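Single-letter residue listing:
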Amino acid sequence: MINPDLLALYTTLKMAALTTVILLLIGTPLAWFLAKMQSRFKVIIEAIVALPLVLPPTVLGFYLLIAFSPQYLPGELWQQATGQQLAFSFSAIVIGSVLYSMPFVVQPLQKAFEQLGEPLLEAGAMLGAGPMDRFFNIVLPITKASFITAASLGFAHTVGEFGVILMIGGNIPGETRVLSIALFDHVESFDYAKAHILAISLLAGSMVLLSAIYLLNRPSKKIVQRGRNDS
Amino acid sequence: MTLNLNFKINLNPFNLSIKHELSLQGITGIFGHSGSGKSTLLRAIAGLERNINGSIILDDIFLIDSNDNTFVKAEQRHIGLVFQDTRLFPHLNVLDNLKFAAKRCQNRRLDFNEVINLTELGSLLHKHVDELSGGQKQRVSLARAILTEPKLLLLDEPLSALDRQAKINLLRLMLKVQRELQLPMLYVSHSLDELQQVCDKLLVLSKGKVIGYGGIHHMIHQLNYSQNETSADDFIHQQTSLSLPIKTLNNGHGLAVLSLSSSLSECVDIYLPALGEKSVQISEKTNEQTLRCFILASDISISLSEPLNSSIVNHLSAEISSVNIKGNNVLITAKCNEQEFFVNISIFSQQKLALRVGQSVYLQFKAGAVRTYLY
Chain C
459 MINPDLLALY TTLKMAALTT VILLLIGTPL AWFLAKMQSR FKVIIEAIVA LPLVLPPTVL
519 GFYLLIAFSP QYLPGELWQQ ATGQQLAFSF SAIVIGSVLY SMPFVVQPLQ KAFEQLGEPL
579 LEAGAMLGAG PMDRFFNIVL PITKASFITA ASLGFAHTVG EFGVILMIGG NIPGETRVLS
639 IALFDHVESF DYAKAHILAI SLLAGSMVLL SAIYLLNRPS KKIVQRGRND S
Chain A
16 MTLNLNFKIN LNPFNLSIKH ELSLQGITGI FGHSGSGKST LLRAIAGLER NINGSIILDD
76 IFLIDSNDNT FVKAEQRHIG LVFQDTRLFP HLNVLDNLKF AAKRCQNRRL DFNEVINLTE
136 LGSLLHKHVD ELSGGQKQRV SLARAILTEP KLLLLDEPLS ALDRQAKINL LRLMLKVQRE
196 LQLPMLYVSH SLDELQQVCD KLLVLSKGKV IGYGGIHHMI HQLNYSQNET SADDFIHQQT
256 SLSLPIKTLN NGHGLAVLSL SSSLSECVDI YLPALGEKSV QISEKTNEQT LRCFILASDI
316 SISLSEPLNS SIVNHLSAEI SSVNIKGNNV LITAKCNEQE FFVNISIFSQ QKLALRVGQS
376 VYLQFKAGAV RTYLY
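Chains as they are written, first to last, in the working numbering: chain C, 459 to 689; chain A, 16 to 390.
If you are wondering where the hints come from, they were derived from the structure by calculation, not from laboratory data.
Since we're looking at a predicted model, the values are computed, not measured.
Check before you lean on any hint, since a few could be wrong.
[Claimed, not checked] Restricting the straight-line Cα-Cα distance to at most 27 Å, the calculated cross-link-like pairs of lysine-lysine (DSS-like) are:
#, chain 1, residue 1, chain 2, residue 2
1, A, 34, A, 222
2, A, 350, A, 216
3, A, 118, A, 142
4, A, 142, C, 602
5, C, 602, A, 118
6, A, 88, C, 494
7, A, 166, A, 224
8, A, 88, A, 118
9, C, 602, A, 114
10, A, 300, A, 341
11, A, 34, A, 88
12, A, 34, A, 216
13, C, 494, A, 23
14, A, 118, A, 191
15, C, 602, C, 472
[To be verified] Which bits of chain A does chain C cover? Going by a derived footprint, with three or more residues having C-beta under 8 Å, they are:
#, stretch
16, 84-90
17, 105-116
18, 230-239
All residues carry an ideal CB built from backbone N, CA and C; glycine is no exception.
Here chain C stands alone, though its shape is the one from the complex (with noise of 0.2 Å):
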């Protein structure tokens, strides 16, 4: 039989791979419009995005859960489909996620594209480059460091996620049993040392994403640097 904590780190890695592709196909053109926008509503968007970064995880997985539920239309929506609850699945906890993280993801990009403005794309206009021929040329390579930087912290934040999932999730090993929780469930029966291993591995994992995004971040840096030598 498979260890129940590698079935929780294996559980924990896939969701957040899932919900970072998730949140870089939806964040990056919600914070194009965001960056583009300049409707008054703009600040209201702006709010909800940014919504779970104050909010208590607890209340955000309440209103989920009971979302989620059959009896209600999202829920009832999935069960049609799919043929499956989705309270208490794996989809939940990704959804959930996904919705958590979003402003790790939405605010540095929404924050590049502001900083890069028009001018580029107008330049790349003028030279006959088309919408998606001036966002894969012009902007993806220019913000490319603002995109790593939004999927390691979405990713990052995810895999750190407890409160929501606990209340969507609940701890369905190999389902919705993740990492935190693993962690929570050790320390609740008292076995601190398989707690401390799991509590290291955390620790020690969110040290090394952070650390690579502020390494990949660094160049940048240095080209400004040079700009300034040449002046």
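Fit chain A to the supplied structure of chain C, relying on the hints for placement.
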């Protein structure tokens, strides 16, 4: 190539409102003070301004027509634009910036390497754009715009951030590109000196309206009269703007000689300081037949008798055709061989010499007062 403009754009605090047809050959200058709407006009033609009421038609193709919601996107207009701030892509080196343009050009007729030679970028291809000087950046920017093989090239104050030598080099390059590629250009600048050197025609904008369009020299002369009507920050140096056939660029006595010819009378020589060795070489290489130059109205003086015993080399016999008095300044227009010259003197001198229309006078100015920008 004709460009038909008939549109309005709401700009704070005024509207840019233009109804004009331009025939685009060679380089057409667009002159105006800051805030006159000249850059906005260029952006409208380029397709970078959205809120336009009216139409822009380039050679029978509607680029914009707000009546039936026609809007050709910037990337589909086949118009090139050289920005004031170059806007080179910071993630690409010089070569890749140029390739970015060449790759997106649909029917390539120009040879990539020829454009690099033309713009003298061969030695810079593998440099990062951060390592380039302002003048080099603008050369890359110009080459990049040319490589899209546009029907029309727009230049938005491309020289404003450059030092004098870099300005001269880029102006020469613009002329060379224009001649070799026969590419019509619209060149926006707030500097009459620069426009005077390279433009064939000039469109003058003021507060969002066209106040004049015509041959470059004629338009600059028109501006002389409008001088004092505008406010102090709209200052223009009143001047005589000339394109004259070259007799010699160095007569061996430190002077270059141009001829002010006319069908009616014999030609008159105009002297200016001899051009340097390098300028003479450039001029010979491009087979330059005429020289653009200008004389500030404040640099010409008027004498009633011919000043024969003077170190001032230029003295032309002329007839006064108009006397414009504005406050203490008098702008006198005098004709010599059908060429108008503009002279700025004080009301004191005008009264002392009792100058009036129809009077014969001598205009005198030093060789050094005949200025040319390109050499």
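Each hint, compared with the structure:
Between residue 34 of chain A and residue 222 of chain A the CA atoms are separated by roughly 14 Å; this keeps the pair inside 27 Å, and the hint holds. Proposed proximity of residue 350 of chain A and residue 216 of chain A is supported: the alpha carbons are some 22 Å apart, at most 27 Å. Distance check on the hinted pair: residue 118 of chain A and residue 142 of chain A sit about 20 Å apart at the alpha-carbon level, within 27 Å; holds. About 21 Å separates the Cα atoms of residue 142 of chain A and residue 602 of chain C, which keeps this hinted pair within 27 Å; it holds.
About 23 Å separates the Cα atoms of residue 602 of chain C and residue 118 of chain A, which keeps this hinted pair within 27 Å; it holds. For the suggested pair residue 88 of chain A and residue 494 of chain C, the alpha carbons sit about 18 Å apart, so the restraint of at most 27 Å is met. Of the supplied pair hints, the one linking residue 166 of chain A and residue 224 of chain A holds, its CA atoms being roughly 26 Å apart against a limit of 27 Å. Distance hint between residue 88 of chain A and residue 118 of chain A is fulfilled; the C-alpha atoms sit about 19 Å from each other, no more than 27 Å.
Proposed proximity of residue 602 of chain C and residue 114 of chain A is supported: the alpha carbons are some 21 Å apart, at most 27 Å. With a C-alpha separation of about 46 Å, the suggested pairing of residue 300 of chain A with residue 341 of chain A is violated against the 27 Å cut-off. The suggested pairing of residue 34 of chain A with residue 88 of chain A holds, with an alpha-carbon distance near 22 Å, which does not exceed 27 Å. Straight-line distance between C-alpha atoms of residue 34 of chain A and residue 216 of chain A comes to about 17 Å, which keeps the hinted pair within the 27 Å bound.
At most 27 Å may separate the alpha-carbon atoms for a hinted pair to count; residue 494 of chain C and residue 23 of chain A meet this at roughly 25 Å. Among the hinted pairs, residue 118 of chain A with residue 191 of chain A is consistent with the structure: their alpha-carbon atoms are about 24 Å apart, no more than 27 Å. A threshold of 27 Å between alpha carbons decides the hint, and for residue 602 of chain C with residue 472 of chain C the separation of about 24 Å falls inside it, so the pair holds. With 3 residues bearing a CB less than 8 Å from a CB of chain C, the stretch 84-90 of chain A meets the requirement of three and the coverage assertion stands.
Under the rule that three or more residues need a Cβ within less than 8 Å of chain C, the assignment of the stretch 105-116 of chain A holds, with 4 such residues. Residues of the stretch 230-239 of chain A lying with their CB closer than 8 Å to a CB of chain C number 0, which falls below the three-residue condition for coverage.
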